Each structure stands twice: as structure tokens, then as C-alpha cells.
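A.B. asks: Every letter in the sequence shown is one number past the one before it in the numbering used here, and letter 171, counting from 1, is 269.
Derived from the structure by calculation, the hints contain no laboratory data.
Please note that the accuracy of each hint is not assured.
[Said to hold, decoys possible] Computed Cβ-Cβ distance ranges for the label pairs, DEER-style:
id, residue 1, residue 2, range
1, P190, Y159, 41 to 49 Å
2, R381, A141, 43 to 51 Å
3, D214, Q241, 17 to 25 Å
4, E285, A137, 15 to 23 Å
The structure displayed is predicted, hence computed values, not measured ones.
Where a beta carbon is used, it is the ideal one built from N, C-alpha and C, also for glycine.
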Amino acid sequence: MLGQEVLNEHPLRRVPRQRRSRERVERLLDAAAEVFAEAGYDAATTHLIAKRAGTAVGSFYQFFPDKRAVFRALEERHHRQVQEFQARLLVPEIVQLPLKQMVQRIVKMSIRFFDDPAPRVMFMLYYTTPQLFERFDEGFIRQMVQTAAGLFLARNPALTPAKADVIAEVFIQSFNHLMLVALRSKEDRQQKLYQEIEELLVAYLWPHDGKEKETEQMILPAEMQNLSQRQRSALAWAMQQGEMTIQQFEALCSGESRRTLQRDLKALVEQGWLEAAGETNQRVYRPTNRSWQSCDSL
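Build the full structure now, drawing on both the sequences and the hints.
C.D. replies: As C-alpha cells, this is what we get:
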């Protein structure tokens, strides 16, 4: 339902006091979101919004003086929904998960959030016509970055605040822009993009995540210490995630050439730590039984 704070900050021509009137305002807001998505803000009209809501245009003007007013009320509702969504994300049972599970949970919860047409439309409109918004601006994005930086510092106290801030900036901006691409895509393409978003974010955060560094140290027994740092990172990733690709290894060791990383993976295969399947650039590397037995011996 439309929050009282929305009514207070953006007075309507007639404040809906009865349940029936409040429901009508909600329908108008939902209809406005759909019309803005289909026609764009400039082409949308009050008549189109009223028609989509299944009500007379006169009913629209009972509550909203113009198209701009309904957009402002829609933005206020969206702002509240985003804050509630962020609060659901920042709970211990999510932020204390292993990295891959945490990222998967964040992506899946975001997908469900954007299944609702209104949040999806407002998110997309922000990136196409940001000048329409008052609540959502660079300051709001900055708050999201600071929140994420605090999360990453909590997971890895070895990070400096400045480094955590940069990591959070890359994480938030990458996530938002890739989600925008996915939401604009057809459904079959969307599912593939969601999977790639998860893999990209996990690969990016892995070298900076304290919990995963703890895991890496725990799962590598003494007999693996003759491996190079890159090889240990690759093996730890493969053990934790179940498999590794050359693309993921490149994300872990940015700055190294693909040829160098392929040699590392080849050495792990030859030494019996990993097994490979597939063509060269699509090859998947999985831990062998020897790797898991070494873990069990700890």
C-alpha cells in the first residue's frame, strides 16, 4: 500500500483515506509504471495511465494533478521498496555465507525483486532518463557503495578502507549495469546472463574475500606447498567451486598472460591435481580424487 510518508511528501489532490481509494491509487501507480515502460515518460499521458488502470481519467485527476506528480509518487514508493530490499540482503545469514553462495543469493533475490514490473521499470528508467529522478542520484549510489565497502571490510579486515571502497564501486556498478542488460533481454537470454553475472562477480571478489582466503589456507595441505601461488589459488578455487575455466583463472590473476595461466593449469593436470575436459579455450578443470583426499587428510 502507498505509504503515508509518500502522501505527506507529495500531497495528492485528494488524500485517499478509505481502503478502496488507496487501492485505486496503487492501481494508478502500477499502471503508470507499465505505461512509462512501454511508451517512455515523454510519450506517456494521463489518459493512457487511467486506461491501463481501468478507471476514468477523472479519477486520475482526483488524486494526481499531472503526469509528473504520479511519477514522483512512484519514485517515492520505489525508494522505500529499495531500502526494504537492501535491509533483507544485509542480514547475517546472507553476508556470512561463503562467497559463491552469498553472490548467488544476492543475484537470485534481485531477480525476484525485479519480477515485479514497477521496480523493474523504475530501475531501467533511472539509467535511461536519470534527470526525472530526485531520490535516486549519484549520492544514493554512493551510499550503496559505502554499504558494500563495509561488508567487504567485515569479510576481510586485511583490506584498507580505500581498497574496499574501490572494490565496492566496481561491484555495485558492474552489478547494476549487467542487471540492466539482462532485464532488457529476452527471457532465454536473461537466464544465461544471470549465470554469467554470478560467475563474473565471484571471480572478481575471490582474491579480495577474507573468508575465501581462510578457505584457501585450510584446504591446501603441506604436500601442496610446492605449488606456485597462482597454482594454489587455482586449486583452491576449483575445490571450493567444483570447477574452473581459463576465463575465471584470468579474473583471479589479472595481469598474467593467458599462456602463462594455461601452463599453470597444465602443470596441475600433469601432477594429478586437476583433470581437464573440452576444447582449449572452453576447457573445464575439475579437482581429481587426489585433491579431495588431500583435503580429507587435514
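A.B. asks: For every hint, state whether the structure bears it out.
C.D. replies: Right, here's what the structure says about each hint:
1. At about 48 Å, the beta-carbon gap between P190 and Y159 stays in the expected band of 41 to 49 Å.
2. For the hinted restraint 43 to 51 Å between R381 and A141, the CB-CB distance of approximately 49 Å keeps it satisfied.
3. Between D214 and Q241 the beta carbon distance is about 22 Å. The supplied range of 17 to 25 Å therefore holds.
4. Judged by the Cβ atoms, the range 15 to 23 Å given for E285 and A137 holds: they are separated by roughly 22 Å.
Consistency note: the structure conflicts with none of the earlier hints.
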